[in-house]
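These protein sequence lines map, in sequence, to chains E and B.
Residue numbers for the first sequence follow this note's numbering, beginning at 1 and rising by one.
Residue numbers for the second sequence follow this note's numbering, beginning at 1001 and rising by one.
If you are wondering where the hints come from, they were derived from the structure by calculation, not from laboratory data.
No residue lacks a Cβ here, since even glycine has one placed at the ideal position from N, Cα and C.
Some clues are possibly wrong.
Unchecked claim - So the derived list for chain B, only partly shown, Cβ under 8 Å to chain E, looks like this:
hint, residue
1, Ile1031
2, Gly1032
3, Gly1033
4, Asp1040
5, Val1056
6, Ile1061
7, Pro1064
8, Tyr1137
9, Trp1184
10, Val1191
11, Gln1196
12, Pro1307
13, Ser1308
Claimed, not checked - The calculated lysine-lysine pairs, modelled on DSBU-like cross-linking and capped at a C-alpha distance of 35 Å, are:
hint, chain 1, residue 1, chain 2, residue 2
14, E, Lys262, B, Lys1198
15, E, Lys88, E, Lys106
16, B, Lys1198, E, Lys268
17, B, Lys1216, E, Lys253
18, E, Lys101, E, Lys88
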Amino acid sequence: MRRGLATLRGLGITLAVVLLNLPCSRPATAQPRMLTDETGRRVNVPDHPQRLVSLAPSITETLYALGLGDRLVGDTDYCDFPPEAKLKPHVGAVLNPSLEKIVALKPDLVLGIAEANRRETADQLERLNVPLYGLTAHSLDETLRLITDLGHVLDDETRAQALVASLQRRIDAVEQRVAGQPRPKVLFVTWYRPLITAGPHTFVSDVIQRAGGVSISDDLHGDWPRMSLEEVLVRDPDVILFPSDKSLSPGLKEFAAMPGWKDLRAVKDHRMYFVSEALIHPSPRLVDALEEVARILHPVAKEGR
Amino acid sequence: MTVAATRRNVVTVVLVLSGVLVVVGVGALAIGGVHVALGDVWRSLAGAGPRTDATVIVRDIRLPRILLAALVGAALAVAGTALQALLRNPLADPYVLGISSGAALGDIAALWIGGRVAAASPLAAFVGALATMTWVYLLGRRRGRLASTSLLLAGVITASFLSAVILFVLTMLSTRDVRGAAFWLMGDLSVVTGVQLKLLAPAIILGTAALYAFSKDLNVLLLGEEEAAHLGVSVTRVHTVVYILASLLTGLAVSVSGAIGYLGLLVPHLGRMLVGNDHRTLLPAAALGGAIVLVISDTLARTIIAPSELPVGAVTAVAGAPVFIYLLRRTAG
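Using the sequences provided together with the hints, build the complete structure.
Rendered as structure tokens:
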């Protein structure tokens, strides 16, 4: 009797597997894998996911850098790099993507990032049985790990390894170049009305550190803390960095003329720079930003060729 | 009360509160995230000695900010007092008629469209405030007169509509802009240019003085519109002028500092407890009281979690709500 049941159950499972696989045009290996994503959620990820939806510009950029742009079936309104990403169907904004649009694109895997997307989006997609793999990164090293992880999830480990290796080489080159140089004090201005800067455990802080500088706001709390102007004056940064941004870009002169600012060493020495907005995203372009910041902080350092 | 007695009252109130404001202001100059010795504060103000971190902090960072706080606090408290009399509603504050929402929308629209934030933003905010003021005025008129009930309804509905539009625009901004805009919406006094102060100071002082000229009329309005008319007050004219002046004061304040809450609601009540209902003493008391309260609040905002800062609107709200509840229970009991 027991054996009969077991056989029956076995038959049922076989049948189910056969039935599930029969009408399916996926590769024969299509087996869902139960993975734990970077945010600790359990996700049923298909093998070789082919229809990807990205919920953040950084993920979109990373997918293209991995040469997987053709698997991307949808991204957000803010995904503008590389330019091809703008042509993909959009699912709305990063904070409030349209669930309908996501579902309509029939993705077999949605990729989100904890720093940009909301938990609610992940929960809602889970209820709709759309698997979402959540990523997270706060530093250059974590970004490389994220790329490796993404390669694993997308079954494209070779390409991910190659990309990570080349990024690592560039990071090493920068670090060699700035090693032993005096470390300038850096203020990163996220917003200046009021003054908002970058806290510790952010890409900004990590990139400044590894580009051979010291962020003057590393002792503040939170990722994007407000900072008092008098404190900036006392800490007197050598260099001020702004994310290149259309709403601030014509304002450098006005900024320098604001009360208190004109006495800063960085303003007197004209060492205020716009840096690529890639500085605040965990994408391969973060390494471009690292090289850019290193050139700003150490313009005369010998090129390590 | 005789005219002479009232005048004596006004002079006493102005002298005492001005004294308090000066003491508070000097205290605020000496207090901050960075320690500046009292001697340095004095030397900075006297303009003597070389330009050092201490003199820059006191003269270029703290002083303009304290002056801005005093001006904005005075403007909000005076506007709140006038609107509470105009609308005959103790819950009225400078924002009840939607002026701040209009200013906020102007500011955020400028962000959205992009452009030169530092210069355009206060301007865009002020344009937003003026547009809202005009709109509420037109909407609030009934048969050519500005009745307080219809004005209040027009203002409240406009405020809630504009808030909805603001939420919509916020969803269109990038995450970083939203963070910046949110700080602005909570009120912020940390950025002020000398030009702004030079424009703001005479405008707010003139506006307050002009409202003061109507203080007797405001007293009569409290009796009710019909009674006021019987007493020879041209209700429509007073309504219109008071509405415009209060809205301009609010618009000016909000344009440079965002919507700092509770102050314009609370200070008039505190003023009434202190000096009574006569607007001839109440208005100056509210102006100076508003200045004192906001200078203190902003000093707390910039020191409590130094080297970081709190939004001053959060300080006024956290401190204001309990005080309001206390006042409510006191008057109810």
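Outcome of the hint check:
About 11 Å separates the beta-carbon of Ile1031(B) from the nearest beta-carbon of chain E, more than 8 Å, and the hint is not met. A distance limit of 8 Å between C-beta atoms decides the matter here; for Gly1032(B) the minimum to chain E is near 6 Å, and the interface restraint holds. For Gly1033(B), the shortest C-beta to C-beta distance to chain E is roughly 5 Å, which falls under 8 Å, so the interface hint holds. A cut of 8 Å between beta carbons decides the hint on Asp1040(B): the least distance to chain E is about 13 Å, and the hint is violated.
Of the supplied interface hints, the one on Val1056(B) holds, with its beta-carbon coming within about 5 Å of a beta-carbon of chain E, less than 8 Å. About 4 Å separates the beta-carbon of Ile1061(B) from the nearest beta-carbon of chain E, less than 8 Å, and the hint is met. A cut of 8 Å between beta carbons decides the hint on Pro1064(B): the least distance to chain E is about 5 Å, and the hint holds. Given hint, Tyr1137(B) at the interface with chain E, is violated; its Cβ is 30 Å from that chain's nearest Cβ, farther than 8 Å.
At its closest, the beta carbon of Trp1184(B) sits 7 Å from a beta carbon of chain E; the interface hint therefore holds under the 8 Å criterion. The restraint placing Val1191(B) at the interface with chain E holds, with a minimum CB-CB distance near 5 Å, inside the 8 Å limit. At about 10 Å, the closest approach between the beta carbon of Gln1196(B) and any beta carbon in chain E exceeds 8 Å, and the interface hint on this residue is violated. With 8 Å as the threshold, the beta carbon of Pro1307(B) comes within range of chain E, its nearest partner Cβ sitting at about 4 Å, so the hint holds.
A distance limit of 8 Å between C-beta atoms decides the matter here; for Ser1308(B) the minimum to chain E is near 5 Å, and the interface restraint holds. Of the pairs offered as hints, the one joining Lys262(E) and Lys1198(B) holds, with about 19 Å between alpha carbons and a cut-off of 35 Å not exceeded. Distance check on the hinted pair: Lys88(E) and Lys106(E) sit about 14 Å apart at the alpha-carbon level, within 35 Å; holds. For the hint pairing Lys1198(B) with Lys268(E), the CA-to-CA distance comes to about 26 Å; that is within 35 Å, so the pair holds.
Simply put, Lys1216(B) and Lys253(E) have alpha-carbon atoms about 48 Å apart, too far for the 35 Å limit, and the pair is violated. Annotation: proposed proximity of Lys101(E) to Lys88(E) holds, straight-line Cα distance about 12 Å (limit 35 Å).
In this structure, the earlier hints numbered 1, 4, 8, 11 and 17 are contradicted, and the remaining ones agree with it.
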